[in-house]
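S.K.: Sequence:
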Amino acid sequence: MKKTEYSFCQQAVIFAIIILISKFVANLLPIPVPSSVVGMILLFIALCTGVVKLEQVEGLSNSLSKIITFLFVPSGISLVNSLDLMASYGLQIVFVILVATLALLFVTGWSGALLLKLRQAKKFQLSDLIPSKQTQANKGDVRL
Numbered sequence: 040m041k042k043t044e045y046s047f048c049q050q051a052v053i054f055a056i057i058i059l060i061s062k063f064v065a066n067l068l069p070i071p072v073p074s075s076v077v078g079m080i081l082l083f084i085a086l087c088t089g090v091v092k093l094e095q096v097e098g099l100s101n102s103l104s105k106i107i108t109f110l111f112v113p114s115g116i117s118l119v120n121s122l123d124l125m126a127s128y129g130l131q132i133v134f135v136i137l138v139a140t141l142a143l144l145f146v147t148g149w150s151g152a153l154l155l156k157l158r159q160a161k162k163f164q165l166s167d168l169i170p171s172k173q174t175q176a177n178k179g180d181v182r183l
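Heads up: the sequence shown is residues 40 to 183, going by my numbering.
If you are wondering where the hints come from, they were derived from the structure by calculation, not from laboratory data. Glycine included, every Cβ here is placed at the ideal spot set by N, Cα and C. Accuracy of the hints is not assured; some may be wrong.
In silico lysine-lysine, DSSO-like type, Cα no more than 27 Å apart, as pairs [unchecked claim]: (1) Lys92 - Lys62; (2) Lys92 - Lys105; (3) Lys62 - Lys105.
What follows is a set of in silico ranges between Cβ atoms, one per label pair, in the way DEER data are often shown [unchecked claim]: (4) Ser150 - Ala126: 44 to 50 Å; (5) Val72 - Cys48: 27 to 33 Å; (6) Pro113 - Thr43: 32 to 38 Å; (7) Cys48 - Leu155: 26 to 32 Å; (8) Phe109 - Leu141: 40 to 46 Å; (9) Ile84 - Ser127: 17 to 23 Å.
All chains, full assembly: derive it from the sequences and hints.
M.R.: So this is what it looks like as structure tokens:
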């Protein structure tokens with residue numbers, strides 16, 4: 040199967056559509072969720088369902104990944120502009136960060152242990168959850 044090359048503009052349009060949809064969905068949700076998080080979830084769902092193919096967003100995604108540290112500069116500047124807020128609520132902010140980090144570690148460890156138990160019980164393979172490029176390319180091709 041021939042791999043199609045998608046232009047920067049085509050990839051940018053796909054990302055723009057996902058961003059617009061995510062902003063709309065984020066406004067509809069009853070709880071405040073950042074539209075960027077909604078966008079990542081929508082992109083993940085679109086990739087898993089095949090609505091968007093990896094080749095359609097891979098080039099721009101790789102380019103953005105290379106400059107991700109530069110994209111955090113505005114956040115750092117905002118943090119410097121909020122030093123008075125940090126001075127007032129610094130201890131509470133550190134506490135929330137610690138609790139959130141511990142919760143994330145706990146949930147990640149628990150889900151990893153659960154996946155290992157299920158895998159050892161042969162109820163599923165990890166490849167069932169994450170389709171690889173090779174399995175997508177060789178769906179009808181069985182090799183031993």
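S.K.: Now tell me, hint by hint, if it's right for this structure.
M.R.: For each hint, the structure was consulted:
1. Lys92 - Lys62: holds, 22 Å
2. Lys92 - Lys105: holds, 21 Å
3. Lys62 - Lys105: holds, 25 Å
4. Ser150 - Ala126: 44 to 50 Å: For serine 150 and alanine 126 the Cβ distance comes to about 37 Å; the hint is violated.
5. Val72 - Cys48: 27 to 33 Å: About 29 Å separates the Cβ atoms of valine 72 and cysteine 48, which means 27 to 33 Å holds.
6. Pro113 - Thr43: 32 to 38 Å: Given range 32 to 38 Å: holds, Cβ gap about 34 Å.
7. Cys48 - Leu155: 26 to 32 Å: violated, 44 Å
8. Phe109 - Leu141: 40 to 46 Å: violated, 30 Å
9. Ile84 - Ser127: 17 to 23 Å: Cβ of isoleucine 84 to Cβ of serine 127: about 40 Å, so the range 17 to 23 Å is violated.
Hint compliance for this structure: hints 4, 7, 8 and 9 are not met, and every other hint is.
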